[in-house]
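With chain L's structure known, arrange chains A, E and S on it following the hints.
Protein chains: 4
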Amino acid sequence: MSSLTFPSDRPYDLICLGRLCIDLNANEINRPMEKTQSFTKYVGGSPANIAIGAARLQLKTGFIGKIADDPHGRFIRQYLTQHQIDHSQVRIDQTGAVTGLSFTEIKSPEDCSIVMYRDHVADLLLHSDEISEDYIKQTKALLISGTALAQSPSREAVFTALHYARKHQVVVFFDLDYRPYTWRSDAETAIYYQLAAEKCDVMIGTREEFDMMEHLELTDGSNEETAKYWFAHQAQIIVIKHGQAGSVSYTRDGKHFSSTIFPTKVLKTFGAGDAYASAFIYSLLQGWDVETAMEYGSASAAIVISKHSCSDAMPTTFEIDHFIKMAKHEKEHQL
Amino acid sequence: MSSLTFPSDRPYDLICLGRLCIDLNANEINRPMEKTQSFTKYVGGSPANIAIGAARLQLKTGFIGKIADDPHGRFIRQYLTQHQIDHSQVRIDQTGAVTGLSFTEIKSPEDCSIVMYRDHVADLLLHSDEISEDYIKQTKALLISGTALAQSPSREAVFTALHYARKHQVVVFFDLDYRPYTWRSDAETAIYYQLAAEKCDVMIGTREEFDMMEHLELTDGSNEETAKYWFAHQAQIIVIKHGQAGSVSYTRDGKHFSSTIFPTKVLKTFGAGDAYASAFIYSLLQGWDVETAMEYGSASAAIVISKHSCSDAMPTTFEIDHFIKMAKHEKEHQL
Amino acid sequence: MSSLTFPSDRPYDLICLGRLCIDLNANEINRPMEKTQSFTKYVGGSPANIAIGAARLQLKTGFIGKIADDPHGRFIRQYLTQHQIDHSQVRIDQTGAVTGLSFTEIKSPEDCSIVMYRDHVADLLLHSDEISEDYIKQTKALLISGTALAQSPSREAVFTALHYARKHQVVVFFDLDYRPYTWRSDAETAIYYQLAAEKCDVMIGTREEFDMMEHLELTDGSNEETAKYWFAHQAQIIVIKHGQAGSVSYTRDGKHFSSTIFPTKVLKTFGAGDAYASAFIYSLLQGWDVETAMEYGSASAAIVISKHSCSDAMPTTFEIDHFIKMAKHEKEHQL
Amino acid sequence: MSSLTFPSDRPYDLICLGRLCIDLNANEINRPMEKTQSFTKYVGGSPANIAIGAARLQLKTGFIGKIADDPHGRFIRQYLTQHQIDHSQVRIDQTGAVTGLSFTEIKSPEDCSIVMYRDHVADLLLHSDEISEDYIKQTKALLISGTALAQSPSREAVFTALHYARKHQVVVFFDLDYRPYTWRSDAETAIYYQLAAEKCDVMIGTREEFDMMEHLELTDGSNEETAKYWFAHQAQIIVIKHGQAGSVSYTRDGKHFSSTIFPTKVLKTFGAGDAYASAFIYSLLQGWDVETAMEYGSASAAIVISKHSCSDAMPTTFEIDHFIKMAKHEKEHQL
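Residue numbers (the UniProt record's numbering), protein chains in the order written: chain L, 1 to 335; chain A, 1 to 335; chain E, 1 to 335; chain S, 1 to 335.
Everything labelled a hint here was simulated from the structure, so no lab data went into it.
The reader is advised that the hints may include incorrect statements.
Copies of the same chain are indistinguishable here, so a pair counts whether it falls within one copy or spans any two.
[To be verified] In silico DSS-like pairs for lysine-lysine, Cα to Cα no more than 25 Å straight-line: (1) 199 to 167; (2) 228 to 137; (3) 307 to 35; (4) 307 to 331.
So that you can see chain L by itself, here it is in the shape it has in the complex (with noise of 0.2 Å):
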């Protein structure tokens, strides 16, 4: 059983607010991208990929967001109709702002690189006042994603929307989801990143992302560091990830555990968080234990990296509960 308690009598379970962006992956893999010829277009950006992976999962799931009046911006919007994400909360921009692209480049598995276009997207136009008490106050859950925190007014709508999570016994999840190039310096990011996740109950990130939320407090960079510092705060559970050596997680009663990954044959790293966050949330809403939680964010993680897009690999419960048995069919059997 987790250490976290979500308010029951809620009609959603799972509110992410941020960036609603398009993929675009390119067909012809394992070669530089300016050898690459035709590109295929999906839903993207980390919280989104997050709600989907949470509406596979049958979360009931609604986005805060703001997307451009334009052609990508609609297919966004329709997409996520049609996975039964509520996008009531999802804003029109009418300033002429862009949709954010991510051009994807797959020299090899381990070699993925990532081109953005992130000069006046809509998503970072999301305004505070266009953040709803009324419906904040409706979910179990709320995920916030650090790029939302990179500039204003989105910084603001985060900042908003955490005071509305908290007033209302909102669990927040925070997803670090660290990317430099929106962001003017390390300061910077690091003053932000702590404000908010002084707020937040749920910390998910690599540690690598810990390390610069921290930079101006902490010296030893150790992980019983950071889960001693934010547990001195709100936080309830901290989860660090570790790539290919998996992940640790701490919860505020003093316990850890270790998670590894599940092998698979990997076609890129892209969306192995995503797919982790979700499907870890949903093991925690289900009132499931930490250590089942990471298992399940494991299987779900090595299934999305297997596959060409993030959001559109995003696994159901019957995907992941065949994965794990498999793979552990399989190990026994390799035993």
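Chains A, E and S only, in chain L's frame:
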């Protein structure tokens, strides 16, 4: 005795952080500015005035800020030197920023207004990298000014200073000092004021300033509600000013106090709040009780508003003591 | 024979100046973009297309521009190399700018639209310091594109290039190429178009583009008035395009010519103007008369609009000659 | 007789276009500004000073510009009214812009400097839509100031005014008035100065200002080359100022003239150029020859630099005539 405990054995009593500007006060008063011909130059800016007031009262005072590399900036630095205010942490801008200006117009004692020059000013360019943890841990008290939160990178510099102050048990005073012209929206103002206020020990502001800070949250705008809300965070003392009607203060132990203003011949209203704050902080540092501190603040304010400048007019303890004595004498004789 | 005299003994026939972008053309046509799933990538941008068209026609071609330091930029440079277009004067941005993008949507042959990414693009960062007088004096003709006038510093780079072109008797072609989304106001557009047009020898644009350029000045919007106005400045030839109705041209010696379009199976209308311009310029450089040049331009346009891309579809002389021959043959047989 | 022909039957002799600012001149002179305590306020800005000078000389004068909606703006408008300068085309900014300021520091007659406030100033927000063709066609002469070219939208407003002036045979004076702090680069400066200068009849500037304008083009920087270059365009008269060494002028008919400065007791050097320009323009409008106009300009300059202000000190014809008479008398007696 106040409910505050100041750390002992520190070289500075008070360090102020924020803007250092120039006031240009019309020499011809009781007329609109278009009818004036000449101006006298003074150091200005709310935290600058408070630092000067504190230095006049013999507090060991330091300043964290940024000045332009121009004659106005040199004038300010020279003035700090003359008043024994440490300016080792007053940086000199190297990017061509200008010194903030306030032209004051005194149409009548009740009708004073200001023409501000706040574009591309040096004080708002103070950067979080320029905040020295080592300096902050050398002071008993830190005063921050709300105006320094208005824009980046100064905004982040304030949060960095707050972070270090909390870490080293420095008592933090927050002079709300809300100036609409430097802010983009009410929502943005409320968000950053709140994030800062949650980390402060003493808050001083007008009822209107508290209303602005709390407008996302509170509903009835009463002083009691304000006090209750902030005592749920870090606050120890809340001082709410009501203009001619005097001020009220609340302490974390559940007490509250009222203070009236001293009658005086008013020349202009500028500077009253800064005079009040410096004398109030001085009193608490002496270990005096809140009620006495409020009276000392009111007396200092009454002295400043009867004179032409803000900074130059800041009184000494001798002047305040004498003023209070005379005022009481006069009151008795009127009875 | 045209009224233009090209300087002889110069290594380049034509140097184009302006944007080098990426076109992303939907693979699924005749539907709105939100219903498409994949895109094919081409080099795009009006002056890029004209340079590619010119190179296909065996002109010695160079380019002055700026590309992003990213995979899209490398793709563009590689494409120029493959087409023997000199890119020694194509600078590589070092400030983090992106490559301009055009997503094309082909709802029907008559209903085509574009989603543009033009924020912080490399091509508009070409700086006047990067214009080489020595390079410009090596060409017979220079083509400038109106879009390059939309923003600083590219705007100043165009005026610098015009200055050098005039100084060294380079014949200047002005492709009006007016794109509203990059301009702040109609007045600004008209002012800079006029200042540039006063220094050009040949102008090519639609009737609507000439109207925009002349709206501060002319009243009746007739082709005759347009021609008269510009012949009072530097202009030698004015070509005004009327879509389906063909084009008309005026020469400084008082003549004018009409040209109809060739019937073809239209896939999309993009690229027609660029194909026209490259073949028209080619013809004049051969010393052909204006009427023949217009026919050659129209044939080239008809070929490009029947194909999926703009740049890749630019025809060779063999293709144009063959197309004209077949079109005339067909016409005769219909009679 | 000058080589200029002014249109007759027009209600205005001279309309000036450009900045209207406030000068704050230190009352304490011969010391650095950080040692000064008070300032006197005057209307300032080069075209403002020229307009005031022209009005003092009884020319019918108008102004095209923009002022802030603040007490400084109202002071300026009131001053124009008092001097019978038409301000029907002086717009009032509604966007919160400020009035430009110049604090002058007079360390010695030879060492004067300025602290400028030029961020977000009203005068640079004059928009091309606010230029009235009908107003411009009512004047014999238009004076434009180079500073107005420094930024958009004022830059486009100048080109619009030039367009209308040429269309209606208004004689255009170009006071180069180059102020480095408002320009982004030397290349940008040269480009827009050249584009404007090509459309002007009379140019007045220092040798350094002509060098800046011509640095893309000319090589030897001689006055002869300057004159030759501009006579190939629209220019009729070129006046090049060499400080203490006096000035030289060239006329399109191949003549040139030298003028020395009048000895005077110099208080500060500010305003000399504006005084020169207003008296020079006045003289040409009287039909006087260029040599006489230069002498009249020099006398006016000598008067202004002996006084504390620029605008307030502009002389009347009586003062100039008397000054010249006395100067000649003195010279004769010295011989």
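Quick rundown of the hints versus the structure:
| no. | hint | verdict |
| --- | --- | --- |
| 1 | 199 to 167 | both (11 Å within a copy, 18 Å between copies) |
| 2 | 228 to 137 | between (29 Å within a copy, 23 Å between copies) |
| 3 | 307 to 35 | both (21 Å within a copy, 22 Å between copies) |
| 4 | 307 to 331 | within (22 Å within a copy, 54 Å between copies) |
Every hint from the earlier list agrees with this structure, and none is contradicted.
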